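Order-wise, the sequence lines are chains C and A.
With this note's numbering as the guide, the letters of the first sequence map in order to residues 66 to 415.
With this note's numbering as the guide, the letters of the second sequence map in order to residues 10 to 187.
Don't read these hints as lab results, they were simulated from the structure.
Heads up, a few of these hints could be off.
To be verified - Here are some chain C residues pointing at chain A (derived, C-beta under 8 Å):
no.	residue
1	Ala-160
2	Ser-161
3	Leu-169
4	Ala-172
5	Ala-207
6	Asp-214
As the list claims (entries may be wrong) - Simulated DEER-style distance windows between Cβ atoms:
no.	chain 1	residue 1	chain 2	residue 2	range
7	C	Glu-237	A	Ile-163	45 to 55 Å
8	A	Ala-173	C	Asn-107	48 to 58 Å
9	C	Ala-160	A	Leu-161	48 to 58 Å
This structure is a prediction, so every number in the text was calculated from the model and none was measured.
Note that beta-carbon positions come from the ideal geometry of N, C-alpha and C, so glycine has one too.
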Amino acid sequence: MKCERCVACDAETPLNSLFRVNDRLLCESCGNRELGELRSRNVEPTVIREVDPTVCANCSADFGSQALPRVLDCPLCANCTQLIYARPFPTWLKASFAGLVLALVFAIVHAVPYFKAGREYARAERLFDAGKYDEAIPGLEAAVKAGPDASEIRLQLAFAYLAVADVGKASELVKDRSFPKSELFNRVQATFARFDKAGLKLEEAAKLSEQNRSAEAAKLLREAAVLLPELPDLAEGVEIMEASAAFEQKDYEGFIKASEKIWNEKHDSASAAMLASAIACRYATGGVAAERKSAEEMLNTAGQLATTDEEREALAEYTPRIRHRLDSREIIDRKEFNRRYRPELAEESN
Amino acid sequence: MFFIPGPVIAALTFPGVIVHEAAHFLFCRVFGLAVFDVCFFRFGNPAGYVVHEPTDDFKKSFFVSMGPFFVNSALCVLFCSAAFVPVWVFEAKDPIAWFFYWLGLSIGMQAFPSTTDLSHIWRLAPENARKGNLLAIVSFPIVAILYPLNFLRIVWADLGYGLAIGILGPLALFKWLA
Chain C
66 MKCERCVACD AETPLNSLFR VNDRLLCESC GNRELGELRS RNVEPTVIRE VDPTVCANCS
126 ADFGSQALPR VLDCPLCANC TQLIYARPFP TWLKASFAGL VLALVFAIVH AVPYFKAGRE
186 YARAERLFDA GKYDEAIPGL EAAVKAGPDA SEIRLQLAFA YLAVADVGKA SELVKDRSFP
246 KSELFNRVQA TFARFDKAGL KLEEAAKLSE QNRSAEAAKL LREAAVLLPE LPDLAEGVEI
306 MEASAAFEQK DYEGFIKASE KIWNEKHDSA SAAMLASAIA CRYATGGVAA ERKSAEEMLN
366 TAGQLATTDE EREALAEYTP RIRHRLDSRE IIDRKEFNRR YRPELAEESN
Chain A
10 MFFIPGPVIA ALTFPGVIVH EAAHFLFCRV FGLAVFDVCF FRFGNPAGYV VHEPTDDFKK
70 SFFVSMGPFF VNSALCVLFC SAAFVPVWVF EAKDPIAWFF YWLGLSIGMQ AFPSTTDLSH
130 IWRLAPENAR KGNLLAIVSF PIVAILYPLN FLRIVWADLG YGLAIGILGP LALFKWLA
């Protein structure tokens, strides 16, 4: 340890305890006194603490007269030099780093199911944007399952369901939920409104059809078909209703024409039975045997085309009326037929 | 725009402060610079610091100063990517996902090097750039962008940066992988 004398009190003092105040080497008490005097004379003091080159600045170990190497002007012993150059990472920091790595692994594992759903959603979104709504539905379903609160996805799925005319599922998706205003929200809302408007027309058309007012029902159906291009079957329904209207107006040639058109567009049990019914009407009015044969053939065709239970059931309801027409050459509507021969159904229809 | 005192922000984003100082410390160790004092986190200004030996070696100075920027940014993108799909795509009320998003964001918000760190680079860059040091040349635009951004912390530039890399990074990753 090196010592020097204070220039004021002449006391021998360890160098580390001395200060240079405006270039005068002073011990702490003399230095404080000097500072007070300088301040009273309004002189700006400069104070520098002396550094003993034989004492380690970090651990205060005394190396006698041996001057220590300096790092940043600080004399440091070999141990302390090693320490500051290779300061160890604190244990808590190493543990935190390990925790951070584990947390990252956990975060990635936790995100895997979301990411899978996200990929499906990205694919579904591309299909949605391309207007392939039916193909987009499975991916959007998976996305809604992963994020039931995601408004955008829910609206996309609702819109996709509306596009394939599944109003029930679309309604279920938006029921009792509020959505932020967006272009998609407006589109969904407008589509629901369109379905509602068309629904009212369809309901009215069904009532009119029951009342044998098929011409008026056809008009409403046509309006509903314009409102709902998502339902191509509605256009077919319009044609069927027009055929029924012709039957009601006893325009049997018109009935045949309309039925032939439907048959030509779609070969199925219902269209075959309707054409058979129309030809049977012509036979009933004209009595041409060939017409009867033709109607019988068409009825057979309807039987062959009826592959589902629903089709078979519909045909079973329709066939007796056509047969009656062929056998009796009397044309009566379903209501009258049921009243005479199937009172149990007549009661039901009332 | 509302003001939140720095110590409160530091407390809310304390993992970022610790990562920032740990990155300084790590690069000091990697480049063999003496570390006199280190504080990883405290309630004060600055919230953390590393007092290290100065160096005139540009590479050392660059990495010690900019290390936290790269480390914090990378960790922010990683953590936010893991939480991005549940939080942003599916708006999931999943506390685990939200925790990781906060963790990523808090680390990203503390990515900016301090003006002191940037001034070290700025001091050495011109001379090294003249000698054709590529790192020094590259450092000019980086410092030119980060220096003013540091002052813009008062208008939430750090949060903006955290959100930018915490959303755009994962979004790009998601788009690429999906």
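Outcome of the hint check:
1. This hint is violated: C/Ala-160 has a C-beta 12 Å from the nearest C-beta of chain A, more than the 8 Å allowed.
2. Of the supplied interface hints, the one on C/Ser-161 holds, with its beta-carbon coming within about 7 Å of a beta-carbon of chain A, less than 8 Å.
3. For C/Leu-169, the suggested interface contact is upheld, since its CB lies about 6 Å from the closest CB of chain A, less than 8 Å.
4. A hinted interface residue such as C/Ala-172 counts as satisfied when its beta carbon comes closer than 8 Å to some beta carbon of chain A; here the least separation is about 4 Å, so the hint holds.
5. Taken as an interface hint, C/Ala-207 does not check out: its beta carbon lies about 11 Å from the nearest beta carbon of chain A, beyond 8 Å.
6. The closest approach between the C-beta of C/Asp-214 and any C-beta of chain A is roughly 5 Å, which is under the 8 Å cut-off, so the hint is satisfied.
7. Distance hint check: the CB atoms of C/Glu-237 and A/Ile-163 are about 49 Å apart, consistent with the given range 45 to 55 Å.
8. A beta carbon spacing of about 54 Å between A/Ala-173 and C/Asn-107 agrees with the range 48 to 58 Å that was offered as a hint.
9. For the pair C/Ala-160 and A/Leu-161, the supplied restraint of 48 to 58 Å is violated, since their beta-carbon distance comes to about 35 Å.
Figure legend: structure checked against the earlier numbered hints; hints not met, in rising order: 1, 5, 9.
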